[in-house]
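One line per chain: the protein sequences are A and B, in this order. Going by the working numbering, the first residue of the first sequence is number 187, and it counts up by one from there. Going by the working numbering, the first residue of the second sequence is number 199, and it counts up by one from there.
Careful, some of the hints might be misleading.
Derived Cβ-Cβ restraints for the label pairs, each shown as a range [unchecked claim]:
1. A/Lys506 to B/Gly234: 45 to 53 Å
2. A/Ser529 to B/His221: 41 to 49 Å
3. A/Lys237 to B/Asp218: 46 to 54 Å
4. B/Gly234 to A/Asp390: 41 to 49 Å
5. A/Asn551 to B/Asp218: 26 to 34 Å
6. A/Ile328 to B/Ile264: 34 to 42 Å
Note that these hints are calculated values from the structure, not bench results. Glycine included, each C-beta is placed from N, C-alpha and C at the ideal position.
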Amino acid sequence: MVTEDGLADQLLTLVVGRERPDLARIKLKLIKQQNEFKIKLNELETDLLFKLSNAKGDILDDIDLILNLENSKKISVEVAEKVKIAQTTEIKINVSSEAYRGAAQRGALVYFLLNDLSRIHTFYKFSLESFIVVVNRSIDLITQKPSEPKEEGLVEEGQPPEETGEGEQPQEEQQQEKPPVDEEAEEQLGEDPFTPRTLAKRVDQIIDSLTLTSFKYCRRGLFEKHKIIVSTMLALRILIRQGKLDEAEVNHLILGKTDAKAPPTPDVLKNFLSEVVWQNVKALEHIPVFASITSSLEIDSLQWKKWYNEEKAEAADLPKAFKDISRFHRLLLLRAMRADRLSSALYQFIQETMGTDYVEQQILNMNELYGESGPATPIFFVLFPGVDPTPEVEVIANNVGKSLANGKLTIISMGQGQEIKAKNALFNSAKEGNWIML
Amino acid sequence: MQTWLIGMNGLEGMLEQVQDTAHPEFRCLISSEPPGLPDMNIIPESILQAALKVANEAPQALKANIRRAYGKFD
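The whole structure should be built from the sequences, with the hints applied where relevant.
What follows is the structure, given as structure tokens:
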């Protein structure tokens with residue numbers, strides 16, 4: 187089983203390969219070169235040993251052998267120099283690649299979330315191969331036009347004008363200026379197409395596209411009741427990773443902790459708080475923000491009662507002492523006291539932290555679906571009462587010339603005695619390039 | 199459901215086998231009702247893993263609205 191870091195490494199190679207094919211190419215070349223060096227050195231060694239062991243008479247008189255030895259020495263020195271250059275180039279490539287690590291890590295985070303979803307339902311299974319297709323598509327979506335990365339950013343962040351005489355000129359006129367190149371390998375490496383600022387922007391763009399594309403890919407197959415769970419988990423895991431939320435507090439929200447050993451509900455609260463809610467509130471005390479929650483409840487019981495009885499508690503003002511707590515802490519409070527309003531509050535939370543795309547779903551687009559499918563990527567419809575995808579499948583099939591009438595679309599209802607028929611139809615369809623619906 | 203399941207499991211290996219040499223225009227579409235319980239395996243794992251999954255349920259909001267409307271008659 188791959189680890190999240192291991193997957194991030196793998197995705198980093200993918201993203202850099204897409205974004206900086208030049209770097210990927212040079213890296214490949216370097217690996218090849220290094221192998222060649224190894225082979226070359228090995229050959230020299232074998233050759234030398236062979237000649238030494240077969241030398242007759244005094245070795246020092248064997249001019250041929252000595253010349254060969256000299257030659258070997260020269261080559262190995264050359265190789266050593268080239269290896270050194272290769273190493274510096276490799277370091278530079280790695281530094282440039284690392285800039286994309288954030289995108290790779292986000293990809294790994296999303297894939298691990300997808301993997302965990304099989305615990306919710308057996309239908310929620312995603313292979314790494316199919317996920318990688320999605321990652322590639324997410325980059326395609328933001329790489330339609332040939333990129334023109336040389337933009338305004340260069341003006342401010344251009345090369346500092348050291349040593350070069352032209353450095354005296356105003357920087358605006360030097361957008362095309364190349365940094366001084368002194369090594370052969372560096373020349374191959376070429377100029378970084380991004381400035382630090384445009385690069386950061388591009389990486390953010392990849393992160394956003396990757397997250398949304400893979401979320402949509404997953405959401406399309408989710409049952410309604412699971413959508414809010416998955417988008418919440420995605421938002422929370424991202425916020426934890428960004429250091430914006432505390433993992434222990436997030437776990438408190440997910441598990442909904444309660445304090446079974448809490449003392450009885452104080453009299454002032456008894457008229458509106460149930461024992462269960464009181465125990466939930468006591469459990470909140472372990473979270474620093476809520477350290478004074480129970481004393482506030484007792485002191486400000488009237489205000490709390492007012493809030494507690496609001497129909498839309500998630501939107502109502504909290505008593506003074508807790509008025510300014512974060513959106514996330516509000517979720518914790520709702521979870522403890524007004525669980526009925528939690529899902530509504532979660533929608534708002536996701537909308538604010540992730541964006542509207544994560545709460546509003548577009549109507550299923552069959553053409554898009556067809557575009558993502560392939561001979562090795564089947565489409566799996568979950569059937570619900572009163573919803574039959576067959577007519578829509580027929581429409582998209584007809585669009586590409588596959589119809590029941592011309593025999594290029596076969597529909598078989600799986601059931602008793604259909605197995606042989608289905609197998610034959612499957613084999614035939616695959617061979618002929620037809621469609622089959624089972 | 200049972201016979202259908204057997205049929206599906208028979209298809210698992212077949213689909214993989216067929217995919218390697220399949221014509222580029224070949225498409226396989228599968229439909230199934232959800233299993234009785236969320237932890238029941240009724241569709242071969244390899245198919246689920248590779249497939250684009252589509253659950254086109256009636257929107258929850260609508261259902262919730264109807265449920266709430268009914269609730270008022272209690």
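| said: Given the hint of 46 to 54 Å, is the C-beta distance from A/Lys237 to B/Asp218 inside that range or not? | reply: For A/Lys237 and B/Asp218 the Cβ distance comes to about 51 Å; the hint holds.
| message | Taking the Cβ atom of B/Gly234 and the Cβ atom of A/Asp390, is their distance within the range 41 to 49 Å? | response | holds, 44 Å
| field | Hint check for B/Asp218 and A/Asn551 - Cβ pair distance inside 26 to 34 Å | value | holds, 29 Å
| task | Evaluate the given range 34 to 42 Å for the C-beta pair formed by A/Ile328 and B/Ile264. | result | holds, 40 Å
| Has the hinted range 45 to 53 Å been met by the Cβ atoms of A/Lys506 and B/Gly234? | Distance hint for A/Lys506, B/Gly234 holds at roughly 51 Å.
| Between A/Ser529 and B/His221, does the beta-carbon spacing fit 41 to 49 Å? | Distance hint for A/Ser529, B/His221 holds at roughly 46 Å.
Going down the numbered hints, you'll see the structure goes against none, and every one checks out.
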